[in-house]
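When you number the sequence shown by the UniProt record's numbering, it's gap-free, plus one each residue, and the end is 162.
Incorrect hints may have been included.
[As the list claims (entries may be wrong)] Derived pair list, reagent style BS3-like, types lysine-lysine, alpha-carbon separation capped at 25 Å:
| id | residue 1 | residue 2 |
| --- | --- | --- |
| 1 | Lys119 | Lys57 |
| 2 | Lys131 | Lys27 |
| 3 | Lys130 | Lys15 |
| 4 | Lys78 | Lys119 |
| 5 | Lys130 | Lys66 |
| 6 | Lys7 | Lys155 |
| 7 | Lys7 | Lys18 |
| 8 | Lys95 | Lys85 |
| 9 | Lys131 | Lys158 |
| 10 | Lys141 | Lys27 |
| 11 | Lys141 | Lys130 |
FYI, nobody ran anything at the bench for these hints, they're computed from the structure.
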Amino acid sequence: MDLDFYKKQAIQKQKEHKKFLDGLKKKPPKNLDYIVQETHDEVFDEIDCLQCANCCKTTGPLYTEKDIERIAKHLRMKSADFEAKFLRVDEDNDKVLQNLPCYFLNSDNTCSIYEVRPKACREYPHTDRKKIYQINNLMLKNTVICPAAFEFVEKMMKNITK
1 MDLDFYKKQA IQKQKEHKKF LDGLKKKPPK NLDYIVQETH DEVFDEIDCL
51 QCANCCKTTG PLYTEKDIER IAKHLRMKSA DFEAKFLRVD EDNDKVLQNL
101 PCYFLNSDNT CSIYEVRPKA CREYPHTDRK KIYQINNLML KNTVICPAAF
151 EFVEKMMKNI TK
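Based on the provided sequences and hints, a complete structural model is requested.
Now the structure itself:
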């Protein structure tokens, strides 16, 4: 997977993508959630995250208290010890990873805590959510990081104008 190609394309198309997403917000089609889910499924039939894992290499998820408790328990650690070892508080006062790439990313791009991974990781790149226009800015950021998010917006542009 050519990440540089996707990143360049995403940066080149930021204005076009923003205009499209803003249009969805102003006037969402009646069946938008259905189109979103269909497009999401189509994209993930073509793209295998294990070929990329750029999200795990370049962006850290937010860790909620529930995430911390669940993962710490899984690792047989106290929550406070888990936080001290892996997390820091960022400028927005969110708990995030101390370092990237993610400590839990294996060399084959699998996740060593996949079954208990943070909510933010389970939901990324947010291409299957209802009322997708509520996260336009996040979606634009994700297109630069995630080839699937880029392809999702590209396919949505085609699927909406059908």
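Comparing the hints with the structure gives:
1. Lys119 to Lys57: The given pair, whose Cα atoms are some 17 Å apart, holds under the 25 Å limit.
2. Lys131 to Lys27: holds, 12 Å
3. Lys130 to Lys15: Cα-Cα ~23 Å, so holds.
4. Lys78 to Lys119: holds, 19 Å
5. Lys130 to Lys66: holds, 23 Å
6. Lys7 to Lys155: holds, 17 Å
7. Lys7 to Lys18: holds, 15 Å
8. Lys95 to Lys85: holds, 12 Å
9. Lys131 to Lys158: Status holds; Cα separation ~18 Å.
10. Lys141 to Lys27: Since the Cα atoms of Lys141 and Lys27 sit roughly 22 Å apart, the hinted pair holds (cutoff 25 Å).
11. Lys141 to Lys130: Holds, at about 18 Å.
Checked against the numbered hints given earlier, this structure breaks none of them.
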